[in-house]
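Engineer: Read off the chains here:
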Amino acid sequence: MEFTNEMKLELKAISENESFARMVIAAFTASLNPTLEELGDVKTAVSEAVTNAIIHGYEGNRQGVIRMHGYIKGKILHIVIEDDGVGIPDIARAMTPLYTSKPELERSGMGFSFMEAFMDELTVESEAGAGTKVMMKKIIGLENKYE
Amino acid sequence: MENYIVVNQCLFVKMPKELDHHETDRIRSDMDGYFITHPIRHVAFDFSETEFIDSSGIGLIMGRYEKLHVAGGKIFVMGVIPSIRRVLAMSGVTRLVYIKESERDVFASIQ
Ligand SMILES: Nc1ncnc2c1ncn2[C@@H]1O[C@H](COP(=O)(O)OP(=O)(O)OP(=O)(O)O)[C@@H](O)[C@H]1O
Ligand SMILES: [Mg+2]
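In order, the protein sequences belong to chains G and X.
Quick note: the first sequence uses my numbering, first residue 1, plus one each step.
Quick note: the second sequence uses my numbering, first residue 1001, plus one each step.
In isolation and in its complexed conformation, chain X is listed as follows (with noise of 0.2 Å):
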């Protein structure tokens, strides 16, 4: 299955289904990659396979949000479960991203 995809500018990333620290750094230097092959403003983090995060996965959205923000760059952030919108809003990141059902309703906000 396809993990990036790059669709109107919107860098789409399906997480894994543990976002530790051994897989942010992974998935950091695989986003950077594609911040130098193509032209992106926003990132959509698709949560729906995510069972497990950590602060290593909050660190990875804020860094994301500080490096596409100043451009007027959005992060979406789809298909969260309850255990893990908790740790969401307790580090403070649902107020930095957009959290949304589907693809569809990102498309609809970045249209």
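Just chain G, same shape as in the assembly (with noise of 0.2 Å):
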């Protein structure tokens, strides 16, 4: 099927940038109808990730890019968020619910878990030193599937 719509976005890895993806990624998937608690839910996954780039992926090097890529097929939405980043030895270990590499900032280790609870399905690529890719989608719409 072909996309229905499709965006790509780069965004410098400073932490003004994180209420921008969230207004973006808002914008683009209200043309799916979304309820708002489905606007909600990906406005979290894409805070989620976009701060993890910038916090873990760049530590913080504010000339980082992070790369975020949306596209439409049908209801699902789908996002892609990138960054050149230091990577995840450890993907498994890294998505355990609390589990931080950066307790020293008062983080939770929530992160991981919320886009997993957030979004339908979410997938992680990474690896030491190669920058990490995180994919998610989401069945927007639901109540509206027999329109």
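Read the hints as simulated data drawn from the structure, not as lab findings.
Being a predicted model, the structure only gives us computed values, none of them experimental.
Be aware that a few hints might be false.
To be verified - Keeping only pairs whose Cα atoms sit at most 20 Å apart, straight-line, the calculated SDA-like set for lysine to any residue is: (1) X:K1074 x G:K102; (2) G:K102 x X:D1032; (3) X:K1067 x G:P103.
Starting from the two chains in their separate frames, assemble the complex, guided by the hints.
Structural biologist: Listed below in structure tokens is the structure:
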């Protein structure tokens, strides 16, 4: 199936861009007539992935670039968020609820858990030194599916 | 509007509209300043104007809890809308904090 819509965005790895990324994904998702709850879920998941790229991927280096790719196929919203940062040596451990490599920053270790809970599918590709790619999917507007 | 106020050794913090990593970094360092200049036992976070929270906000609450509870301090959370309460519950943070309707309820429990 062809994409109904598609967007690509590059962001500098600065914390001001977290709210910008949320606004962009909310506007992009709007064409699927999401409920407020669905919109909140998508914004939270994007916020988590972008924040992780800033804090962990680039470790505060403001020159880092984060790529956000969104596309819509039917009622399914796909979001890919990528960085060229330090990467994740052990993905399974990183995705364990409450695991954080930065407890001194008062991180809760809930980011991946929220992405998993709020989206229908979450896949993480990463390797130490090779950046991180977070792929997420969510079916939007389930209650309107017979329209 | 005043974002921070100390009453009865309780620091009241007005939370922003969107509580993300950008905002939590700012709030955390503001609060650390108050901890130095005031004798603070408890913290009350006012969420009445907050529409968004992510794990950064959860980390802020958990971190403040770690800091205060050893000395018997309490963390209060006021004015949470259902979508935020859901995120707090999912993270387990609702087991660490006292959820209150208003400032008056907070005062009643720290007397
Ligand atoms: N883009 C990334 N690049 C490098 N490491 C990452 C990236 N995203 C996540 N990680 C690693 O995975 C761990 C878990 O991420 P998660 O978002 O679940 O928790 P956190 O970011 O540490 O805390 P929180 O999200 O609750 O503030 C991080 O501590 C970090 O070690
Ligand atoms: Mg995170």
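Engineer: Run the structure past the numbered hints and jot down the numbers of the failing ones, going up.
Structural biologist: When the structure is compared with the hints, only number 1 turns out to be violated.
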